[in-house]
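Can you build the whole structure from these sequences, using the hints too?
If you want the building blocks of each chain, they are given just below.
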Amino acid sequence: DTTVKQNPRYKLARVGKPVNLICSQTMNHDTMYWYQKKPNQAPKLLLFYYDKILNREADTFEKFQSSRPNNSFCSLYIGSAGLEYSAMYLCASSAGQRNTGQLYFGEGSKLTVL
Amino acid sequence: GEQVEQLPSILRVQEGSSASINCSYEDSASNYFPWYKQEPGENPKLIIDIRSNMERKQIQELIVLLDKKAKRFSLHITDTQPGDSAMYFCAASKGTGSKLSFGKGAKLTVSP
Chain Z
1 DTTVKQNPRY KLARVGKPVN LICSQTMNHD TMYWYQKKPN QAPKLLLFYY DKILNREADT
61 FEKFQSSRPN NSFCSLYIGS AGLEYSAMYL CASSAGQRNT GQLYFGEGSK LTVL
Chain S
1001 GEQVEQLPSI LRVQEGSSAS INCSYEDSAS NYFPWYKQEP GENPKLIIDI RSNMERKQIQ
1061 ELIVLLDKKA KRFSLHITDT QPGDSAMYFC AASKGTGSKL SFGKGAKLTV SP
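Chains as they are written, first to last, in the working numbering: chain Z, 1 to 114; chain S, 1001 to 1112.
Label-pair restraints from in silico Cβ distances:
{"#": "1", "chain 1": "Z", "residue 1": "62", "chain 2": "S", "residue 2": "1018", "range": "39 to 49 Å"}
{"#": "2", "chain 1": "S", "residue 1": "1067", "chain 2": "Z", "residue 2": "8", "range": "39 to 49 Å"}
{"#": "3", "chain 1": "Z", "residue 1": "83", "chain 2": "S", "residue 2": "1055", "range": "42 to 52 Å"}
{"#": "4", "chain 1": "Z", "residue 1": "15", "chain 2": "S", "residue 2": "1068", "range": "40 to 50 Å"}
{"#": "5", "chain 1": "Z", "residue 1": "54", "chain 2": "S", "residue 2": "1068", "range": "26 to 36 Å"}
Here are the computed lysine-lysine pairs in the DSBU-like style, where the Cα-Cα straight-line distance is at most 30 Å:
{"#": "6", "chain 1": "S", "residue 1": "1068", "chain 2": "S", "residue 2": "1104"}
{"#": "7", "chain 1": "Z", "residue 1": "11", "chain 2": "Z", "residue 2": "37"}
{"#": "8", "chain 1": "Z", "residue 1": "5", "chain 2": "S", "residue 2": "1094"}
{"#": "9", "chain 1": "S", "residue 1": "1045", "chain 2": "Z", "residue 2": "110"}
Hints in this document: simulated from the structure, not taken from any laboratory.
Since the structure is predicted, the reported quantities are computational estimates derived from the model, not experimental observations.
Ideal Cβ positions, reconstructed from N, Cα and C, are used throughout, including at glycine.
In structure tokens:
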């Protein structure tokens, strides 16, 4: 099974409210990523976990939190959503150095902040 | 991080013709260049990739060319079919397992 599951697929949130997005994979991949995709923009890497080590991009460091309670699950947490957070959030996983580095993407979670 | 430019952003072709999408990158240390296809409502999927030790790679109707000197790479789809209609993203990284930097994507529409 090479699928990455994301929940919810669609999320409506009010400005200032928290948002929690969930991702899971059963491929035993050591690396899991979160990308933000807005229309007409490239997918932007927000953060990634290599095993238990979280790496956050410098320009999104304070805006997004994440946790990885076990190898299969990874969450993306927004403490206080702003209008600019409206986007598609793509989770992906890879086996890191152990294979070609291919990313397996989930179907995305579309967040709309009102 | 690495910046990847992708053009065109929209591409419309007739069935049976070829389609080309071009990408450029900035960091000469980048050595892995995958292409992802995203069909409507689906997740992006890897369709072909090329590493810096190659200049050309072909999988069926997909051809990828890499020009390391010019820091450009391109995807060519020969004999396009309506099923090739999708968003195509190029990406670059400094090696396996390294984070990928993506282009903005190209929306290909193949008309019957």
